[in-house]
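Undergrad: As a plain string of letters, each chain reads:
2 protein chains.
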Amino acid sequence: MARRSGGRQARIASRKSALAEDLKPVRAGIPGGQYRPLDEAGIAAIDTTVFKILEEVGFADATDHCIEVCTAIGAIVENGRLKFPETVIRDTLDKCCRKVIMYGQQAKHDLDLSGSRVHLSTAGAAVMIADPEHNEYRESSAQDLYDMARITDKCEHIHMFQRTCVTRDIDDPRVLDINTAYNSVMGTSKHVGTSFSDPAHVQETLRLLHIIAGGEDKWRERPFVSISCCHVVPPMKFAKETLNCIRVAVEGGMPLLLLSAGQSGATAPACLAGTVAQAWAECLGGLVYVNAIKPGAPAVLGTWPFVSDLRTGAMSGGSPEQAILSSACAQMGNFYGLPTGTACGMTDAKFPDFQAGAERAYTATSAAISGANIVYGSAGMYASLLGACPESLLLDNDILGATLRITRGIEVSEKSLSFDVLKDVCLGNKGHYLESAQTLEVMQTEYIYPEFADRSSPVEWQEQNKPVILEKAIAARKEILNNYHPMHISDEIDQQIREQFPIHLPRETFGRSKI
Amino acid sequence: MARRSGGRQARIASRKSALAEDLKPVRAGIPGGQYRPLDEAGIAAIDTTVFKILEEVGFADATDHCIEVCTAIGAIVENGRLKFPETVIRDTLDKCCRKVIMYGQQAKHDLDLSGSRVHLSTAGAAVMIADPEHNEYRESSAQDLYDMARITDKCEHIHMFQRTCVTRDIDDPRVLDINTAYNSVMGTSKHVGTSFSDPAHVQETLRLLHIIAGGEDKWRERPFVSISCCHVVPPMKFAKETLNCIRVAVEGGMPLLLLSAGQSGATAPACLAGTVAQAWAECLGGLVYVNAIKPGAPAVLGTWPFVSDLRTGAMSGGSPEQAILSSACAQMGNFYGLPTGTACGMTDAKFPDFQAGAERAYTATSAAISGANIVYGSAGMYASLLGACPESLLLDNDILGATLRITRGIEVSEKSLSFDVLKDVCLGNKGHYLESAQTLEVMQTEYIYPEFADRSSPVEWQEQNKPVILEKAIAARKEILNNYHPMHISDEIDQQIREQFPIHLPRETFGRSKI
Chain A
1 MARRSGGRQA RIASRKSALA EDLKPVRAGI PGGQYRPLDE AGIAAIDTTV
51 FKILEEVGFA DATDHCIEVC TAIGAIVENG RLKFPETVIR DTLDKCCRKV
101 IMYGQQAKHD LDLSGSRVHL STAGAAVMIA DPEHNEYRES SAQDLYDMAR
151 ITDKCEHIHM FQRTCVTRDI DDPRVLDINT AYNSVMGTSK HVGTSFSDPA
201 HVQETLRLLH IIAGGEDKWR ERPFVSISCC HVVPPMKFAK ETLNCIRVAV
251 EGGMPLLLLS AGQSGATAPA CLAGTVAQAW AECLGGLVYV NAIKPGAPAV
301 LGTWPFVSDL RTGAMSGGSP EQAILSSACA QMGNFYGLPT GTACGMTDAK
351 FPDFQAGAER AYTATSAAIS GANIVYGSAG MYASLLGACP ESLLLDNDIL
401 GATLRITRGI EVSEKSLSFD VLKDVCLGNK GHYLESAQTL EVMQTEYIYP
451 EFADRSSPVE WQEQNKPVIL EKAIAARKEI LNNYHPMHIS DEIDQQIREQ
501 FPIHLPRETF GRSKI
Chain B
1 MARRSGGRQA RIASRKSALA EDLKPVRAGI PGGQYRPLDE AGIAAIDTTV
51 FKILEEVGFA DATDHCIEVC TAIGAIVENG RLKFPETVIR DTLDKCCRKV
101 IMYGQQAKHD LDLSGSRVHL STAGAAVMIA DPEHNEYRES SAQDLYDMAR
151 ITDKCEHIHM FQRTCVTRDI DDPRVLDINT AYNSVMGTSK HVGTSFSDPA
201 HVQETLRLLH IIAGGEDKWR ERPFVSISCC HVVPPMKFAK ETLNCIRVAV
251 EGGMPLLLLS AGQSGATAPA CLAGTVAQAW AECLGGLVYV NAIKPGAPAV
301 LGTWPFVSDL RTGAMSGGSP EQAILSSACA QMGNFYGLPT GTACGMTDAK
351 FPDFQAGAER AYTATSAAIS GANIVYGSAG MYASLLGACP ESLLLDNDIL
401 GATLRITRGI EVSEKSLSFD VLKDVCLGNK GHYLESAQTL EVMQTEYIYP
451 EFADRSSPVE WQEQNKPVIL EKAIAARKEI LNNYHPMHIS DEIDQQIREQ
501 FPIHLPRETF GRSKI
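Going down the list, the sequences are from chains A and B. Position 325 of the first sequence, counting from 1, maps to 325 under this note's numbering, and the rest follow consecutively. Position 55 of the second sequence, counting from 1, maps to 55 under this note's numbering, and the rest follow consecutively.
Note that these hints are calculated values from the structure, not bench results. Note that the coordinates shown come from a computational prediction; the quantities given were computed from them, not determined experimentally. Just so it is clear, CB atoms sit at the ideal spot from N, CA and C, and this is done for glycine as well. Treat the hints with caution; some may be incorrect.
Here are some, though not all, of the chain A residues that point toward chain B, as calculated from beta-carbon distances under 10 Å [as the list claims (entries may be wrong)]:
| id | residue |
| --- | --- |
| 1 | Ala266 |
| 2 | Pro295 |
| 3 | Gly357 |
| 4 | Leu440 |
| 5 | Met443 |
Modelling step: build the complete structure from the supplied sequences, incorporating the hints.
TA: If you want it as C-alpha cells, here you go:
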C-alpha cells in the first residue's frame, strides 16, 4: 500500500509541473499522411486529369497582366481562355516554393508547411455570430473579430488565425479591409490570414504591417500575415480583381493562400473525383501566375472544394463527403509535394451541440491524418461558414488537441513495445502496471488531457451538479474576454498606426489606455 | 429558367423514390484500411513482440481442459503458465476460420467479416441508462435492453446488436443471462452478441436459440447469436469460468468474440505500442484454445484495449488514444488476415452533447477507416460504457452513416473524373453543373443525407423555431418505442420459449397479446 500511495503521489506531483515544450504529447507540425483515401492508381488518374484540364480547358477571364506574364513562360490564349501546356506546369513545379513558413509575430508561432506537417487554423467570412448564451444569431462586428483573435491566442491547438467573420459594422470596404487585418494582428501573435477586396487595400495594409514589423525589410524577413485569394470563380474562371490583389501581395512579400472553393454539383462536378481534379487544376493555375510574377513566392495551395446538399443546393460543410474531398485534396498535395491547405472542421449545426461535435471531429480528423498542411476552418465555424461562435473555439481546441494526438499516432520502439515491463508485471505477479516506472514516465507524453471534456463518472458528475459543457465554455469565454488583452504590439506602434490609418475601435476596447 | 426548374423538379422526383439497395451510398461491409496508423516496420515489431509474449510469458490460470487440449498441440506449461511456442500459433493461424459470418435472423442482416470489411455494432454492459429527457442516470432494466434492440433494428447503419446494458431488475444470474439473450433477439433480427457468466447458461440459452432457429441443425447452419468472452484478465491471465463458457459455445456452434480488454497504464502497458502487442497476444492465445477445441470454429479477435486517464485511473473511452489504439489493433487484424473487432465510438460525456458527438465521431471514424471488421460500442454508449442512451442510437446512426461514407472514399474512374462534363460546362459557358445529367444521376449514390443533423441556414432554422437535435431524437425514440414491435419471431415460437424458460417480461410489453 505504501508503494502504491507513493506512486500515486509521484503521479500527482508530476502532473503539477508544467511540461517542457519538447515533451508535450502534441505540437504544431506533426506529420500526417497515414490516411490515404486515394490509391496509387487514383492519384495518377487525378493527376492526369488535372493536367488535361489546364491544357485543354484553361481559364476564362485572365487579366492582361496575367496573360502577359503567363504567355511569356509558355501559356497559350485560345478562344479567350488562358491554357497551360504541361511544360508550363512542370516548370512552375520546378521553381515554386515548397517550404512555406507561415511566420507568427512571435517566432514560437512559426508554422513550417513542408512535407506532410499538419497545422490547424480558423478561417471563414461569417456574417453572423452564433451566440449560444442567448440562443441567437446576430450580425458580426469588428469587436467580435478582435475577440475571436484573442480567444484563439489562448488556444494551444489552433495554430493560426485566419479571419473568422466580417466586420459588418464597418461599411467602407477600404476601412473594413484595414480593420480586419488590424484587429486580427492585435488580437493574436499567431500567424494571421485575411483577405482584401481591392489591390489598393493590400498596398495600404502592407504599410500598416511594415510599421508593426519595424520596417519593410523586417516585414519581408518574417511576413506574419497572409492573404487569402479566391483567385478563381469555379469552374475555371479567374477572378480579375483577385488576380490584381495577388500581384500586389506577391510584390509586397505577403504569402498567399490560393483558394479554389468550388461546390460539388454546383460549381464543381457532382462526382467527388472530378471535384478534386478541378480544385487542383484551379489551384495550380493560380500557382503558375504567382511564379510567373516572382519565382518562389510563398503560396499555399488552397484546395477548398465544398459540398452541396443536392436536395437544396445549400452548402454542407459538415458532410462526410466534405471530409473525403478535403482529405483527398491533402493527399494530392503531399503527392505534388506542395504546401496545401484545405477546409475541414466546419459544421452545419447552429451551435456547439452533438451534431457540431461530430461533424467537426470527423472532418477535421480526416483532413489532419491525410496530411493537410493547414486545416482551415477547423475551429469556430457554424451553419456551414455563415456563423462564427467564440465559445466554440475553446471547445474545438479540445477536439483539435485530440486530432493532433491521433495524427501523431503510435510510436513503435523496443522501449514502447514494453516487453520487459510486461514480463516483469506478469512473471512477478504484480497484476497491474500502475506502479511501473514507465507508467509514470509516459503519462504526460503519451496522453493528452482535454480542458473542457468531462471524464467524471456519473456519480461524480451528479455530485458536481451535472455540469453542462457549453455553460463551462460560455463562462471561460467571458473570463478571457474580460481579462485577456495581448500586448505583443506596443502602445507606441499602435499610436503610429492610429495616426495613419482609419482604425475603427477605440483603444480602450483593446484593453489599452487612451494616449 | 425553365430548364433550371425542370432540373430541380427532376431532382425532387428522384429523391422521393426509394433507392435500390445496390445504389445506396453506403452499406455494411464497405472495405476500410485506407488509414494505417502503423508503418510496415511498426507492424513487424509488434508482430514479433506478440509472438515473444506468447512464447516467453504465456498465460496464468488456464483450466485443466485448456491445458490438456493446448499441450496436445504443442503448448508448454512452465511455472504454472501456459506458453505457446511460435509453431503452435502458426498452426492455429493455418487452421482457424478467416471468414466469419455473423448471421442475422434474417439473411439481409448477415455480416461477412472477411478482408477489411467494416461493420458497426453496439456493445457494452452499462449498468445505467442515460436519460437526457429527465437529465438523469438511472438503473438499466430488461425493458431498456429490449427497447435498445428495437431502436437498433430501425437504424440502418448499426449492423449488429451486442447487448448494451445489464438487466438490473433481474437478480438471478441464470435468469439474467437467458433474458438478456431473449430480449435482444426479440428486439432485432440483426445479429445479436451477448455474454454469459456460467457455461450452464450458455447451454440452456442454446436450447432457446434452437427453438427460434427451428431446430439445432438450423441453428448450426446460421448461428445468429455470438458470445462475448472476456477470456483473459489482463495482463496475460486466463479467466477460468470464461474458458468453460468458450468450450460450451464452440461445441454448440456459437460464434465467439474473444475479448481482451486491458486498460493502458493499469492492466496493459502505458505505452500504446505495448498495449497493442499485449491485446493481440491475449486474443491469439484465446484463438489457440478455440482451435484446439475445434479447428475452424468461428471466432472474432476482440482486441479491445481501453485507455486509462492516468490522472485518476478512470477509463476514457472517448480519448484520442482510444482511437489510435483501436485503429492500430484493426490494422494488425488486417495484417494477420483475421476477423477483428475493436471498441470505438464510446464517449466520456454523460449525454449527447458536443463532447459526445466529437468523441464518438473521431473514435468510430478512425476505427472504421483502419478496417476494423466490427467497431463495437460505436453507438449508444456514454460515460465510458457506464451508461447507455436509447435516444443516442438514432443520432449515432447519422454519425455512423457518415463514417461509412468516409470509409467508402472516392471512386476514381474516367466517368467520375468528369473531364467531359467539366469541358462541356466550361467551354459551353454554362457556368455551373446544376443542369448536368451527371449531377442528377449521382446525387443519391455519391452523397448520404443525415436524418437528424440540421443543414438549414440560420434564417430557416429561426423560421423553424430553432429546433434542438436532442429534442428531435427524444421524440423519435418515443415514436419508435410506442409503435415498433418487431415480429420476426412468431407468437407460437414465443409461446414455446415461455413454456420452457423463465422469461421475465410479460408478452404485452413486447407488443403481443396474451396467449
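Undergrad: Hints first: check each against the structure and report whether it holds.
TA: Here's how the hints hold up against the structure:
1. Interface hint status for A:Ala266: upheld, as the beta-carbon distance to the closest one in chain B is roughly 6 Å, under 10 Å.
2. At a threshold of 10 Å, the smallest CB-CB gap from A:Pro295 to chain B is about 28 Å, leaving the interface hint violated.
3. Interface hint status for A:Gly357: upheld, as the beta-carbon distance to the closest one in chain B is roughly 3 Å, under 10 Å.
4. A distance limit of 10 Å between C-beta atoms decides the matter here; for A:Leu440 the minimum to chain B is near 8 Å, and the interface restraint holds.
5. Below 10 Å, beta-carbon pairs count as interface contacts, and A:Met443 has one with chain B at about 4 Å; its hint therefore holds.
Violation of the numbered hints given earlier is confined to hint 2; every other hint is satisfied by the structure.
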